[in-house]
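**Q** Protein chains in written order, with the numbering used here: chain A, 1 to 269; chain B, 1 to 269; chain C, 1 to 269; chain D, 1 to 269.
Among these hints, one or two may not hold up.
As the list makes no split between identical chains, a pair holds if one copy fits it or if it spans any two.
[Said to hold, decoys possible] Simulated pairs of lysine to aspartate or glutamate, EDC-like, Cα-Cα distance not exceeding 16 Å: (1) LYS182 with GLU93; (2) LYS253 with ASP16; (3) LYS253 with ASP86; (4) LYS253 with ASP151; (5) LYS253 with GLU48; (6) LYS182 with GLU257; (7) LYS182 with GLU265; (8) LYS182 with ASP199; (9) LYS253 with GLU93; (10) LYS182 with ASP76; (11) LYS253 with ASP76; (12) LYS253 with ASP72; (13) LYS182 with ASP51.
No lab work stands behind these hints, which were simulated from the structure alone.
Number of protein chains: 4
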Amino acid sequence: MRLQASCDMNLIADADCPTVGMLRPSSGAAQWLVSESCYFDPPVPTTEYVDMFGNLCQRFVVPQGRMRIRVDVVMDTEAVIAVEPDAPATPIEQVPDAALQFLLQSRYCPSDRMEDRARAIVAGVAPGYAQVEAIRAWIHGNLSYRYGVSDAATDALDTLASGAGVCRDFAHVGLSLCRALKIPARMVVGYLYQLDPMDMHAWFEAFVGGRWYTFDATQAAPRGGRIVVAYGRDAADVAFLSNYGPLNTERLKVQVELHTNAVPEPLPD
Amino acid sequence: MRLQASCDMNLIADADCPTVGMLRPSSGAAQWLVSESCYFDPPVPTTEYVDMFGNLCQRFVVPQGRMRIRVDVVMDTEAVIAVEPDAPATPIEQVPDAALQFLLQSRYCPSDRMEDRARAIVAGVAPGYAQVEAIRAWIHGNLSYRYGVSDAATDALDTLASGAGVCRDFAHVGLSLCRALKIPARMVVGYLYQLDPMDMHAWFEAFVGGRWYTFDATQAAPRGGRIVVAYGRDAADVAFLSNYGPLNTERLKVQVELHTNAVPEPLPD
Amino acid sequence: MRLQASCDMNLIADADCPTVGMLRPSSGAAQWLVSESCYFDPPVPTTEYVDMFGNLCQRFVVPQGRMRIRVDVVMDTEAVIAVEPDAPATPIEQVPDAALQFLLQSRYCPSDRMEDRARAIVAGVAPGYAQVEAIRAWIHGNLSYRYGVSDAATDALDTLASGAGVCRDFAHVGLSLCRALKIPARMVVGYLYQLDPMDMHAWFEAFVGGRWYTFDATQAAPRGGRIVVAYGRDAADVAFLSNYGPLNTERLKVQVELHTNAVPEPLPD
Amino acid sequence: MRLQASCDMNLIADADCPTVGMLRPSSGAAQWLVSESCYFDPPVPTTEYVDMFGNLCQRFVVPQGRMRIRVDVVMDTEAVIAVEPDAPATPIEQVPDAALQFLLQSRYCPSDRMEDRARAIVAGVAPGYAQVEAIRAWIHGNLSYRYGVSDAATDALDTLASGAGVCRDFAHVGLSLCRALKIPARMVVGYLYQLDPMDMHAWFEAFVGGRWYTFDATQAAPRGGRIVVAYGRDAADVAFLSNYGPLNTERLKVQVELHTNAVPEPLPD
Numbered sequence: 001m002r003l004q005a006s007c008d009m010n011l012i013a014d015a016d017c018p019t020v021g022m023l024r025p026s027s028g029a030a031q032w033l034v035s036e037s038c039y040f041d042p043p044v045p046t047t048e049y050v051d052m053f054g055n056l057c058q059r060f061v062v063p064q065g066r067m068r069i070r071v072d073v074v075m076d077t078e079a080v081i082a083v084e085p086d087a088p089a090t091p092i093e094q095v096p097d098a099a100l101q102f103l104l105q106s107r108y109c110p111s112d113r114m115e116d117r118a119r120a121i122v123a124g125v126a127p128g129y130a131q132v133e134a135i136r137a138w139i140h141g142n143l144s145y146r147y148g149v150s151d152a153a154t155d156a157l158d159t160l161a162s163g164a165g166v167c168r169d170f171a172h173v174g175l176s177l178c179r180a181l182k183i184p185a186r187m188v189v190g191y192l193y194q195l196d197p198m199d200m201h202a203w204f205e206a207f208v209g210g211r212w213y214t215f216d217a218t219q220a221a222p223r224g225g226r227i228v229v230a231y232g233r234d235a236a237d238v239a240f241l242s243n244y245g246p247l248n249t250e251r252l253k254v255q256v257e258l259h260t261n262a263v264p265e266p267l268p269d
Numbered sequence: 001m002r003l004q005a006s007c008d009m010n011l012i013a014d015a016d017c018p019t020v021g022m023l024r025p026s027s028g029a030a031q032w033l034v035s036e037s038c039y040f041d042p043p044v045p046t047t048e049y050v051d052m053f054g055n056l057c058q059r060f061v062v063p064q065g066r067m068r069i070r071v072d073v074v075m076d077t078e079a080v081i082a083v084e085p086d087a088p089a090t091p092i093e094q095v096p097d098a099a100l101q102f103l104l105q106s107r108y109c110p111s112d113r114m115e116d117r118a119r120a121i122v123a124g125v126a127p128g129y130a131q132v133e134a135i136r137a138w139i140h141g142n143l144s145y146r147y148g149v150s151d152a153a154t155d156a157l158d159t160l161a162s163g164a165g166v167c168r169d170f171a172h173v174g175l176s177l178c179r180a181l182k183i184p185a186r187m188v189v190g191y192l193y194q195l196d197p198m199d200m201h202a203w204f205e206a207f208v209g210g211r212w213y214t215f216d217a218t219q220a221a222p223r224g225g226r227i228v229v230a231y232g233r234d235a236a237d238v239a240f241l242s243n244y245g246p247l248n249t250e251r252l253k254v255q256v257e258l259h260t261n262a263v264p265e266p267l268p269d
Numbered sequence: 001m002r003l004q005a006s007c008d009m010n011l012i013a014d015a016d017c018p019t020v021g022m023l024r025p026s027s028g029a030a031q032w033l034v035s036e037s038c039y040f041d042p043p044v045p046t047t048e049y050v051d052m053f054g055n056l057c058q059r060f061v062v063p064q065g066r067m068r069i070r071v072d073v074v075m076d077t078e079a080v081i082a083v084e085p086d087a088p089a090t091p092i093e094q095v096p097d098a099a100l101q102f103l104l105q106s107r108y109c110p111s112d113r114m115e116d117r118a119r120a121i122v123a124g125v126a127p128g129y130a131q132v133e134a135i136r137a138w139i140h141g142n143l144s145y146r147y148g149v150s151d152a153a154t155d156a157l158d159t160l161a162s163g164a165g166v167c168r169d170f171a172h173v174g175l176s177l178c179r180a181l182k183i184p185a186r187m188v189v190g191y192l193y194q195l196d197p198m199d200m201h202a203w204f205e206a207f208v209g210g211r212w213y214t215f216d217a218t219q220a221a222p223r224g225g226r227i228v229v230a231y232g233r234d235a236a237d238v239a240f241l242s243n244y245g246p247l248n249t250e251r252l253k254v255q256v257e258l259h260t261n262a263v264p265e266p267l268p269d
Numbered sequence: 001m002r003l004q005a006s007c008d009m010n011l012i013a014d015a016d017c018p019t020v021g022m023l024r025p026s027s028g029a030a031q032w033l034v035s036e037s038c039y040f041d042p043p044v045p046t047t048e049y050v051d052m053f054g055n056l057c058q059r060f061v062v063p064q065g066r067m068r069i070r071v072d073v074v075m076d077t078e079a080v081i082a083v084e085p086d087a088p089a090t091p092i093e094q095v096p097d098a099a100l101q102f103l104l105q106s107r108y109c110p111s112d113r114m115e116d117r118a119r120a121i122v123a124g125v126a127p128g129y130a131q132v133e134a135i136r137a138w139i140h141g142n143l144s145y146r147y148g149v150s151d152a153a154t155d156a157l158d159t160l161a162s163g164a165g166v167c168r169d170f171a172h173v174g175l176s177l178c179r180a181l182k183i184p185a186r187m188v189v190g191y192l193y194q195l196d197p198m199d200m201h202a203w204f205e206a207f208v209g210g211r212w213y214t215f216d217a218t219q220a221a222p223r224g225g226r227i228v229v230a231y232g233r234d235a236a237d238v239a240f241l242s243n244y245g246p247l248n249t250e251r252l253k254v255q256v257e258l259h260t261n262a263v264p265e266p267l268p269d
């Protein structure tokens with residue numbers, strides 16, 4: 001399916017604020033970028049680099065005062081995501097080199113302290129996709145989706161303790177429980193079609209049966225229509241904006257719609 | 001300056017034709033990508049990778065019959081390129097690791113056979129920028145810009161022998177003469193504002209005075225307004241389309257204009 | 001100075017144990033690898049990859065039973081490390097792309113929760129090298145070096161609370177306090193000449209004054225004679241051995257000595 | 001099989017000569033590096049980088065006068081190389097991204113001008129491994145191995161014209177003919193056990209049947225016992241020493257032997 005997503009935000013900086021953005025998606029395993037734009041108002045000098053996860057990162061200084069950022073993207077993506085209940089665990093020896101890092105504990109995913117919890121949740125479930133799905137369903141059934149419970153310091157243990165959180169927290173719990181079982185798992189941030197209420201979103205992927213599968217503990221059932229903006233170990237790696245100074249988001253508006261599929265007219269001779 | 005460039009082409013394939021494109025520019029040292037799109041008609045499954053020069057490469061199969069490709073880009077780029085007649089040669093020991101490969105001979109740039117010629121052209125000229133400019137000026141003054149003299153097999157020695165060629169050939173001669181003098185030089189393909197007649201273009205960069213400078217032997221004087229699409233050692237690395245089957249370009253139309261600088265309207269609440 | 005370092009260990013696995021090692025140093029910014037070897041007994045099939053920090057990683061399966069690993073290295077390294085009390089802070093805008101990740105919070109370095117503590121320690125100290133040195137000296141003066149207080153779950157907050165730890169814990173505290181002040185800081189593991197008692201070691205580097213400087217909170221004063229084996233955000237990234245199964249280290253013996261500088265005899269004609 | 005290879009050379013420089021070496025092999029697809037050393041006499045400051053093919057490259061300045069370089073390596077490698085006469089051609093669409101560059105023409109392999117010759121040699125032979133073997137056998141049967149016919153400027157067309165060359169020339173012809181048939185092919189330099197006369201060696205690999213296979217047109221039959229030092233498109237990419245000043249090799253001695261498999265004694269407690 002071809003989706004058109006937009007993100008429009010107004011920022012306020014009390015002083016010039018060096019910032020790193022992860023605003024721009026690129027083509028990837030399950031998506032093809034048709035069109036993309038990123039407007040800054042006022043325009044500011046910006047450079048871009050690719051981080052070690054392959055994400056495009058934008059470096060710029062938000063000038064003192066107000067700034068608007070507008071990102072638009074048209075992406076071909078899967079309408080229906082792969083579901084494979086019988087996919088077996090991938091033995092560690094067969095995990096690709098580049099996926100090994102997603103077995104490690106990280107800031108918001110202290111998986112080294114969650115093995116008992118993970119074992120309890122997947123008790124009696126066959127290793128592989130089914131265990132990850134058991135984790136996802138457990139989170140969906142046992143944690144409450146609620147704003148205001150968590151903040152930028154909340155890790156997966158905190159969320160298990162409070163019993164509530166938002167998409168980012170749900171993803172952290174899923175990532176941690178998978179890694180505790182030696183299943184590589186990575187954080188994903190991006191857009192989800194028909195997310196309600198519409199906003200930027202976070203979910204996770206797990207490596208089983210020789211490939212990455214998508215899991216989203218905030219949803220009742222598997223759903224496609226996803227645009228990946230960035231991958232990482234956890235939220236520390238994939239912040240939409242990392243500001244190194246005082247920066248506030250005054251307004252953030254996200255929109256995801258079906259694209260009309262129209263192709264631009266030919267250039268005149 | 002903010003430029004809007006478009007490339008529109010019609011292809012004809014006698015049979016399904018596996019193809020690698022280098023159609024999509026990205027942000028880089030001297031340019032910031034504001035907006036970009038790439039439409040295929042009919043749409044075909046496409047994947048993308050980054051080659052070893054950092055170029056975005058698109059892989060797809062042109063289906064038997066007709067196919068249209070339309071690329072649009074809005075880019076912030078330098079209106080005036082850097083000119084530094086006094087920039088000295090960069091000693092080999094100080095050339096960055098990543099630039100060393102641009103000292104090597106390549107398919108269209110047999111620089112190992114052109115040292116005498118290079119020495120003759122720069123006789124009496126101070127090492128560094130001035131030598132590269134002497135080479136550029138020599139090419140501009142001594143070779144004729146003419147279609148039909150060269151083809152896909154023509155290398156820099158052939159062009160020196162024939163005394164004529166197109167932008168690609170001029171670049172190959174410039175690259176070869178620089179490398180023969182142990183000056184790193186790389187091929188660039190992209191768009192040039194107000195190029196006449198308008199088309200995709202090729203030029204080269206040389207590493208002197210500790211950085212890359214732009215040189216274009218097809219022009220009478222240094223000109224900015226350039227959008228880089230790809231870098232490489234020579235034309236073999238930066239083909240707009242590399243087809244592994246019978247593929248003909250029926251029509252290719254290129255347009256480069258000043259952009260209006262308008263920012264999209266805010267999304268409604 | 002030319003050092004010869006060796007690490008010899010006996011492992012016991014209750015069952016075949018997939019393992020990732022970071023056993024082999026390579027040449028780098030401040031070291032030149034003269035000679036290196038890595039023997040497994042019994043020999044096991046091993047592959048190697050380079051992780052996203054540039055570390056060489058070895059993948060192999062420790063077979064059920066006993067296994068011995070012996071690593072030897074001869075390295076040219078700095079006898080005296082750079083000390084620059086006046087080096088200023090590097091503004092975030094000037095931090096190299098690749099160093100930005102070392103500003104992020106991580107598993108053992110929850111720097112997002114340590115800004116107040118960091119500010120208190122560096123109160124009145126000029127930004128840059130001097131602040132990092134103030135942090136290093138504070139750790140050295142206020143934390144006790146003691147085995148048995150910490151384990152694989154201990155993070156920098158835990159160490160501050162307990163007031164004691166080992167080299168890895170000291171490094172985590174230093175890393176966290178630097179990052180809390182927006183100073184890029186990275187974990188280092190390797191060898192230190194004349195460390196007492198001799199063992200594998202851990203310290204940290206901070207990016208100030210436009211380059212990386214070495215800091216070691218376990219030592220009373222700056223000391224050279226270091227061989228870097230791996231870099232990372234924290235201990236999660238640079239484990240000497242990451243085992244995905246039951247694996248015990250029965251014996252670990254480390255030796256670091258001055259090398260004789262002898263060059264092998266010429267091959268006979 | 002475990003091989004021990006050594007290379008010992010004496011260089012003479014008329015003046016300080018910036019040099020890039022590819023002297024040090026690393027672990028790879030078909031080899032595991034057990035031990036390695038690289039001694040310079042006199043010792044000179046050296047840095048190392050990884051080029052875009054993954055080769056380790058050493059940068060140093062050969063000081064005016066004499067310099068000795070001694071490289072030793074112990075490598076586990078395949079005693080018998082894979083031979084698969086029925087391996088089919090890999091369709092271009094299925095060639096891995098990283099292998100696509102090995103379809104391109106290059107300095108010594110003007111494959112774009114050799115399709116007719118290639119088609120004639122493989123007439124009637126099934127696409128895939130069998131065609132590459134037909135090419136290899138044709139070279140072995142139709143070209144003479146002879147020193148003094150070729151030099152650093154000789155490309156594959158020159159070698160076909162002269163009918164003679166050395167291992168490097170044979171490899172260039174093989175690479176060119178494969179690429180002309182749209183078979184990815186890459187240059188390899190390294191050591192070959194029992195090569196006669198013993199020297200550094202060059203051969204090529206072709207990508208068919210979904211993997212790289214080894215081919216050596218200088219040998220009568222497939223032989224293992226190979227240590228890969230570097231990969232590239234052709235000899236321009238994999239020079240043992242690239243000197244940017246006057247440098248002569250006074251003596252070069254190569255030795256390859258079976259290794260005794262002894263493991264160093266344990267360190268004393």
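**Q** Which of the listed hints are broken here?
**A** 2, 3, 4, 5, 6, 7, 8, 9, 10, 11, 13
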